[in-house]
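Colleague: All chains, full assembly: derive it from the sequences and hints.
Sequences listed follow chains P and A, in order. Numbers 1 to 111, taken from my numbering, label the letters of the first sequence in order. Numbers 1001 to 1334, taken from my numbering, label the letters of the second sequence in order.
FYI, nobody ran anything at the bench for these hints, they're computed from the structure. Just so you know, these numbers come straight off a predicted model, no measurement behind them. Take these hints with a grain of salt, some might be off.
[Stated by the list, open to error] Derived DEER-like restraints, expressed as beta-carbon distance ranges:
no.: 1; chain 1: P; residue 1: L22; chain 2: A; residue 2: E1041; range: 16 to 22 Å
no.: 2; chain 1: P; residue 1: E23; chain 2: A; residue 2: I1079; range: 33 to 39 Å
no.: 3; chain 1: P; residue 1: E23; chain 2: A; residue 2: A1103; range: 58 to 64 Å
no.: 4; chain 1: A; residue 1: A1103; chain 2: P; residue 2: L22; range: 58 to 64 Å
[Said to hold, decoys possible] DSS-like mimics (lysine-lysine), calculated; alpha carbons at most 30 Å apart, straight line:
no.: 5; chain 1: A; residue 1: K1067; chain 2: P; residue 2: K35
no.: 6; chain 1: P; residue 1: K67; chain 2: A; residue 2: K1205
no.: 7; chain 1: P; residue 1: K18; chain 2: A; residue 2: K1055
no.: 8; chain 1: P; residue 1: K107; chain 2: P; residue 2: K67
no.: 9; chain 1: A; residue 1: K1205; chain 2: P; residue 2: K35
From the three backbone atoms N, C-alpha and C, an ideal C-beta is built for every residue, glycine too.
Take a look at the letters that make up each chain.
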Amino acid sequence: MSKPSDLVQGTLDLLLLKILALEPMNGYAVSLRLKQVSGDVLQVSDGSLYPALHKLEQEGWITAEWKPTENNRRAKFYSLTRLGQGQLEKESANWSRLSAAISNVLKLKEA
Amino acid sequence: MRPKHWFYTFPLRLRSLFRRNQVEQDLSEELQFHLEQKTREYMASGLARDEALQKATREFGGLELSKENCRDTRRVNYIQDLLQDLGFGLRMLRSSPAFALVAIFTLALGIGANTAIFSVIHGVLLEPLPFPKQDQLMTVWEKDDEGRRSNTSWANFMDWNRLNHSFDGIAAASFWSPTIVSPHDAETLVGFRVSSTFFNLMGVKLERGRNFLPSEDVRGNNFVVILSYGFWQRTFGGDPGILGKSVQLGTRGYTVVGVLPAEFPSVLSFDPRKPADIYTPLAYDETLPYACRDCRHLRAFGRVRNGVSITQAIKDTADELAFLWNEVSGTPQP
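Modeller: Here it is as structure tokens:
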């Protein structure tokens, strides 16, 4: 599985926060959901998924809980905190600004 | 760090520090769960269990590395790593005791030498002398023809006292080495003859007894001594009844009138290894041949008056000397 194209750490954080804003889920489910909603375009490598999630946890933007899954296995479920909500909004705004700027540059007509 | 943030992270930090085993176990379990889910996924798409597991593991790309990265996020790492390294170091030392001993010995030597040197420098240079307002104390020298410092003479000293305005007082000292005679042996002491104002100038409070009186600073009346603390302890065993006792020096008996405090260092001693033991009044005899103006065997000390700067005092003294020289040049010795 290749790294998502051009995704820097900041953008990955943004995506993870958003997915967890939808509903609490474990790490595997997050990567699966991301893949699904982006039509296989955005895929997080397993190796970088968990360090990213742990970093978000250490920052206080998500919080974790061990819960049993459907097959009665124990898994670590993450959910967004209020602090994380604020961070999500901030980073979304940044992203919009950034992508709008890039679009504007790309729209420039060649002389 | 914002306070709200702390609410979430503080328990995490504590947990990372104190429940490390649990944290590690959780980490393993979390990643293991992920692998199992992946394996299940591949099995659902037709692969056999072993192949599915292999594929999942391969795609994870470095389980241990991932774990290490997760640990890095925890940020209490530095403490843990430090402790780990310390423990490792200690184990290594224990396994090679010879090396450990050599290392410890070398360190001890180095630290000891450094401490010793510093103590000396501290005592000699850095520690201020136990005199009150000691930046006002100065030794007053004359400059000889070659520009070197030289001692001064009685006549000059008297004139300085008379003429100067920048010093609160000037005292003179000359070297004295009496021989103390006791029934079994004789010992040559290191001593000084000092003006009666000397100890007052220094601001010294005697341990016992009193300072010299001006009346004792006259030849004939001067058979009194003040002992240094060390000398009193050493030779008289710290005798509490020492005051008034007579000490045989040379052919005469001198009465002990005072004892200096222990902290009084020997500023005058020419040999730092042999501090001055005993002091007697200067009691200058002007009739003797060495009272000449050019017989420079006295050292003068002065305390600069309050409010007068050192440079001012130096300048004034130089001026006074010049004045003095003019005054006496050409006239025969009095």
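Colleague: If a hint holds in the structure, say so; if it does not, say that too.
Modeller: For each hint, the structure was consulted:
no.: 1; hint: P/L22 x A/E1041: 16 to 22 Å; in the structure: holds (21 Å)
no.: 2; hint: P/E23 x A/I1079: 33 to 39 Å; in the structure: holds (36 Å)
no.: 3; hint: P/E23 x A/A1103: 58 to 64 Å; in the structure: holds (59 Å)
no.: 4; hint: A/A1103 x P/L22: 58 to 64 Å; in the structure: holds (60 Å)
no.: 5; hint: A/K1067 x P/K35; in the structure: holds (23 Å)
no.: 6; hint: P/K67 x A/K1205; in the structure: violated (82 Å)
no.: 7; hint: P/K18 x A/K1055; in the structure: holds (29 Å)
no.: 8; hint: P/K107 x P/K67; in the structure: violated (49 Å)
no.: 9; hint: A/K1205 x P/K35; in the structure: violated (91 Å)
This entry does not satisfy hints 6, 8, 9, going by the numbered hints stated previously.
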